[in-house]
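K.L.:
Here's the letter readout for the chains.
Number of protein chains: 2
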Amino acid sequence: MPKLWNDTIETHRRAVHKAITDTAAALVAERGLRAVTMSEIAEKAGIGRATLYKYFPDVEAILRAWHARRVLEHLGRLIEVRDRPGGSGERLAAVLEAFAFIVHETHQRQGHHDSELVAFLHRDEKVAQARRQLRDMIEELVKEGATAGELRTDVPPGELAAYCLQALTAAGGLRSNAAVLRLVAVTLSGLRSTG
Amino acid sequence: MPKLWNDTIETHRRAVHKAITDTAAALVAERGLRAVTMSEIAEKAGIGRATLYKYFPDVEAILRAWHARRVLEHLGRLIEVRDRPGGSGERLAAVLEAFAFIVHETHQRQGHHDSELVAFLHRDEKVAQARRQLRDMIEELVKEGATAGELRTDVPPGELAAYCLQALTAAGGLRSNAAVLRLVAVTLSGLRSTG
Chain F
1 MPKLWNDTIE
11 THRRAVHKAI
21 TDTAAALVAE
31 RGLRAVTMSE
41 IAEKAGIGRA
51 TLYKYFPDVE
61 AILRAWHARR
71 VLEHLGRLIE
81 VRDRPGGSGE
91 RLAAVLEAFA
101 FIVHETHQRQ
111 GHHDSELVAF
121 LHRDEKVAQA
131 RRQLRDMIEE
141 LVKEGATAGE
151 LRTDVPPGEL
161 AAYCLQALTA
171 AGGLRSNAAV
181 LRLVAVTLSG
191 LRSTG
Chain D
1 MPKLWNDTIE
11 THRRAVHKAI
21 TDTAAALVAE
31 RGLRAVTMSE
41 IAEKAGIGRA
51 TLYKYFPDVE
61 AILRAWHARR
71 VLEHLGRLIE
81 VRDRPGGSGE
91 RLAAVLEAFA
101 FIVHETHQRQ
111 GHHDSELVAF
121 LHRDEKVAQA
131 RRQLRDMIEE
141 LVKEGATAGE
151 LRTDVPPGEL
161 AAYCLQALTA
171 AGGLRSNAAV
181 LRLVAVTLSG
191 LRSTG
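Heads up: the protein sequence lines correspond to chains F and D, in order. Take the first sequence: its letter number 181 is residue 181 in the UniProt record's numbering, and every next letter is one higher. Take the second sequence: its letter number 65 is residue 65 in the UniProt record's numbering, and every next letter is one higher.
If you're looking for bench data, these hints aren't it; they were derived computationally from the structure. Every value quoted in this text rests on a predicted model; they were computed, and no experiment measured them. Ideal Cβ positions, reconstructed from N, Cα and C, are used throughout, including at glycine. One or more of the hints may lead you astray.
Partial selection, computed: residues in chain F whose CB lies under 8 angstroms from chain D [what the hints assert, rightly or not]:
1) R131
2) L134
3) E159
4) L160
5) A162
6) Q166
7) A167
8) T169
9) A170
10) G173
11) A178
12) V186
13) T187
Chain F with its partners taken away, still in its complex shape (with noise of 0.2 angstroms):
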């Protein structure tokens, strides 16, 4: 087959999966991860029962591939605004800003907060390996910040990056932008006082 013949192929490919994709994180969302069924997905998606099992087998697989692909696409924003120009403790400020954010985003989205489902996606392989580069990255934004002095030097920089990581996570609790924004400098002040 020629090339370009191919490359067709494999966009379709992409805006099937990606439509069936957002449609089941829409329902599940909507209504919980067991009250929705495969019929339901295919429906609400416009393609056929037969073609949604050439993607998927169940309604589990597509959410995990879906998740896989917000926590690349989140990962990847991260990067982004690591690689920015600045020095390491601006840097690292930007980085822990945008984590909150993305955290109180993604929780307001979901509306309630259902546990099983969170506890569910995130015994995902992928998730926990881009869990541990956030780390990996946070650890060396704050080593670079200790070497320059900008930040403590009393507490390891892996234990720092575990203790940001996890104070942040209260963003997803938090009702407004400026909360989330106070949130990320008191996270902050406890990375630089060695009071």
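On the provided structure of chain F, position chain D as indicated by the hints.
P.N.:
Below, chain D alone, put in the same frame as chain F:
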């Protein structure tokens, strides 16, 4: 029935209740929630299956009862720490340290972090209530500390309380008591500095 006889029955009931819940918790920690049956719990606890069903309808109910008891024990420990003599800053530090060690020890005991089990137990309304109580307790101490001029006043005490609880959850992933103490120190710096 005479009072003494009632007391004896009640004491016996409580002992059986405790034996069942402790046994179930140990089995579930070992093999996961779905791998444990009522028959195994009865056998390990040294009671008949019929007796077990007089106490609990299923494994999940046993686990919930066990967890509710643990949560209340933890809350009691934290209230006891809060009520020791001392200034508000000192008492806040003591409560946060005690909380961090509870998180750390709970995580150590679980061996591996069974996120599905955690999500299941935390859906319980009693747990949510205990968490709110703990948050209120910390908010109150933060308020006192801010009034005393020991803590920052540019962030609402409720937000600082949420930050503390979330940040200290990182104690679950730490390997040593020294690291837990460092996390508490870092978290406290976030409350103090306005840098």
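K.L.:
For every hint, state whether the structure bears it out.
P.N.:
Results of checking the hints against the structure:
1. R131: Constraint on R131/F not satisfied, violated at 11 angstroms.
2. L134: Not OK, violated: L134/F not within 8 angstroms of chain D, min 14 angstroms.
3. E159: Holds, about 6 angstroms.
4. L160: holds, 7 angstroms
5. A162: holds, 5 angstroms
6. Q166: Holds. Min distance 4 angstroms.
7. A167: Since the shortest Cβ distance to chain D is 4 angstroms, the answer is holds.
8. T169: Result: holds, 5 angstroms to nearest chain D Cβ.
9. A170: OK, holds: A170/F within 8 angstroms of chain D, min 4 angstroms.
10. G173: holds, 6 angstroms
11. A178: At 10 angstroms from the nearest chain D Cβ, A178/F fails the 8 angstroms test, so the hint is violated.
12. V186: holds, 5 angstroms
13. T187: holds, 6 angstroms
In summary, the structure is inconsistent with hints 1, 2 and 11 from the numbered list given earlier, while agreeing with the others.
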